[in-house]
Amino acid sequence: MAHISFTGVSVEFPIFNANGRSLTSRLLEVATGGRLDKDPDGRVLVRALQDMSFEIGEGERVGLLGHNGAGKSTLLRVLSRVYHPQIGKASINGRITSLIDISLGINPEATGRENIFLRGKLLGMSKDEIGSKFDDIVEFSELGSFIEMPVRTYSSGMHLRLAFAVSTVVKPEILLMDEWLSVGDESFKQKAEDRLTNLVDSAKILVIASHNRELIEKTCNRAIWLEHGQVKMDGLASQVTAAYFG
Amino acid sequence: MTTLNRAIALAKMLAWEDVKQAYRRSAIGPFWITASMAVQVAAMGVVFGIIFKTPLYDYLPFLASSIILWSLIGSTINDGCMAFINAEGMIKQLDLPFYVHTVRVVIKNAITLGHNIVIIPLVFLVVGHPIGWQLVLLIPGFLVVVANLSWMVVVLGMVSARYRDVPQTVSAAMTIIYFITPVMWQPTLVPSAQAHWLLGLNPFYHLLQLLRLPFLSGIPTVENWVLSLGFAVVGWLVTLLAVRKFGKQIAYWV
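Chains as they are written, first to last, in the working numbering: chain A, 1 to 246; chain B, 247 to 500.
Next comes chain B alone, as it looks inside the complex (with noise of 0.2 Å):
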């Protein structure tokens, strides 16, 4: 229990390195993250409700929440490939857990959402769209995705270690998920004949709904959780199997 209290705290401790240094001798700091999200969602906003031909009432909210919640999906696993290969010195030298290393790329993704996250009820405000009680719902549904985004920084990090190429493959991947899943339009848009497999078969567009729902007083469907909670439990024993087969390798991979 200590080393897994020492593991966690020492990635903490990292993640907060990993957000301060980007920012550092910046007069603003890491307030930077929610001024350029901000700025992000105020552009995005106006231009894609005029050619959704969406009101600004509706579409603000929804694009808010949706990019910013996006951005913790998106950036993590994107981070998640480097998870190791950034981490060569210590892997090299220390005797850590290897959990050390990609726990602290979620944290330090979790500490960047916490950042962005204060412009959704401030763009709720600006337009005057109420937040309902559904946002309890956002506690479950937050734990949920980091669940699943944990496995895959263990395996996109562990992957990305031995195969120099796939970082650049999952970033390119990311994008067109990005445009494939409804972030910037709604997903009413699409005809229900398509739904199924647009949608449906999208496991990022259930981790999104499970985050993003909350926020715009609707209620995530049980196919959202069940498929969401059935990728974390399919995720994380490919992952442990893996972990088991190949964790030791890593260090020589690095």
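Bound-form chain A, shown alone (with noise of 0.2 Å):
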């Protein structure tokens, strides 16, 4: 069972290398992102997420609405189990599938074939698991033979469709993306769009940071508006993308 639950979660970091005094008087509140502040030894705290609660259950499709520096990518990352709140609780079940830096773990000096393993390992994948992916990999991908080639001899477009065909032979529970994918020509495009559109909804559950308004409503069956860390509204997709494009 896929399931997400928050209650109270705050996130601070602790900024070391920051002049305490003079930022904090000076930046004491951001007009956008999170609020600074100092915690009982005088150090700078940024305080990311502010007492977050919500539940999200299975079949759910959860847009992240926000401006810069609102909480999105913390959140992601809460929700990744990279970041341990330092207050209240974050219990997320489910096998998580992270798509917000799909080229993580691809080495430019290595060639196709070892980006495959490596990216693959990553990914939670074994060894078997890959090796039984990898034609689709490659023929997903369009590489040919520039599959034994190292991935610095690759265009952009064609690192992008290696790091995109890897990234999404994993079936994953809970889907974390950080804006849609959009990679390769107008060809590939297509392609890419039916296998990512498959994989979200082969998902128990998505949750997508997103600027763009028709994303959210068309992908999306709930938002959450973050604003300064705090949940500003949390409801039916199309209602919070109403209030917050207004």
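Everything labelled a hint here was simulated from the structure, so no lab data went into it.
Note that beta-carbon positions come from the ideal geometry of N, C-alpha and C, so glycine has one too.
Please note that a few of the clues may not be correct.
[What the hints assert, rightly or not] Quick partial rundown of chain A residues pointing at chain B, CB under 10 Å, derived from the structure: (1) Ile100; (2) Leu104; (3) Glu109; (4) Ala110; (5) Arg113; (6) Phe117; (7) Leu122; (8) Ser126; (9) Pro150.
[Unchecked claim] Keeping only pairs whose Cα atoms sit at most 27 Å apart, straight-line, the calculated DSS-like set for lysine-lysine is: (10) B:Lys266 - A:Lys127; (11) B:Lys338 - A:Lys204; (12) A:Lys171 - B:Lys258; (13) A:Lys204 - A:Lys121; (14) B:Lys494 - A:Lys121; (15) B:Lys491 - A:Lys89; (16) B:Lys338 - A:Lys232; (17) B:Lys338 - A:Lys127.
[Claimed, not checked] Here are the in silico distance ranges between beta carbons for each label pair: (18) A:Met233 - B:Gly275: 51 to 59 Å; (19) B:Pro433 - A:Lys171: 57 to 65 Å; (20) B:Val392 - A:Phe16: 29 to 37 Å; (21) A:Ser10 - B:Ile465: 56 to 64 Å; (22) B:Ser272 - A:Met233: 55 to 63 Å; (23) B:Lys299 - A:Arg152: 47 to 55 Å; (24) B:Gln414 - A:Ser155: 33 to 41 Å; (25) A:Arg152 - B:Gln414: 27 to 35 Å; (26) A:Lys189 - B:Ser272: 23 to 31 Å; (27) B:Val392 - A:Ser10: 37 to 45 Å; (28) B:Val392 - A:Gly57: 40 to 48 Å.
Taking the hints as your guide, dock the two standalone chains into a single complex.
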């Protein structure tokens, strides 16, 4: 059962190299973005998320809305189990697949083949699993014999096609995305779009951060609007986008 | 168990990538590790052999095994400081067990040792020095040393991620430790009155002895074993406490 449950979650970043005093007095509350504060020792703290509570169950497609610095990326990282909140409890049940940076782990000096295994392992696949999907990945990425060449020789489009093809062979329970992935030229784009839509449909829970109204309205059935690291509005995608985009 | 297996497999793969990465596009590849070490041993062997007035038959086998085995200890510790810092991209995006990054460092250095260690029998062959049955003691010795290095990498990696001056400090300290530990010079040169505080209190001396003596037909002393094992046990206790208290903060520090 994939399920996400946040109770009173707060995330604070201690900034070790900031000059506490002058920075706090000047930027005590930034216009957009998280709040700056001081901890009891006088260190500067950036409060990225504050007292967040919500539940996400199976079948929900959640869009995250908010200005730059409102806490979307931090929230995605808490959902990835990367950041453990200092206050409150974030329980995330289910296998997580993050498509936030599909190029993570790709080594330009290694060949396409080596990179498929590297990236696949980072996504939690075993060697055999990757092996069985290898031909499919190569075919989908349309790299042909380039698969034996170092990735640094690829065009940026080829690089992305490879990263996309490997990253989308997994079967996610909880899928995390930062904006929709759009790769390649016109013909590839359609193919990629279909594959991504399939992946999103097969996921039990989707959480996607986006600034794109159409995307959220089309893909999501629920939206959460973040402001200053707090939930400003949580509800049906259509209602929240209407309020957010005005 | 599958999480552990998968994490170790990932660490192994990343470690091999690290080794290969440094030598991509070079003609002889990772053989450079072996070649540069061999040149270092030969050059230092001749020069210090003259300075210390020790016949090469004795000094070269000592120096070759010393430098090569020390390089495992020294470079694992230096790399350990960067274990989490260098893995920032992965740490901030994937929910991997913390030890993936530290085991990666230890395996990478073990692979490097594998490239270097072939020099030792060659040196013994060249000067005609025998290797005794004591070599089998290398196996438990290696395990104890790896157990020690493994916790040091975790602690140094964590402290370095939090305090960014630590890697530089450690690197400076390791240079000093290299000189005060009998790596280039033979421990027998220390007058027995000073041996206790100069050698006995230096944990790196005991670790090095566990690895080095088996090559030199010697048997590590009980003191070597007990102190090294004790160091591992105490070190791991401290490490596990530190991980329990601060492990979840690593992602915030890198």
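| request: Hints the structure violates: just list their numbers, smallest first. | output: Going through the list in order, the structure violates hints 5 and 26 and respects the others.
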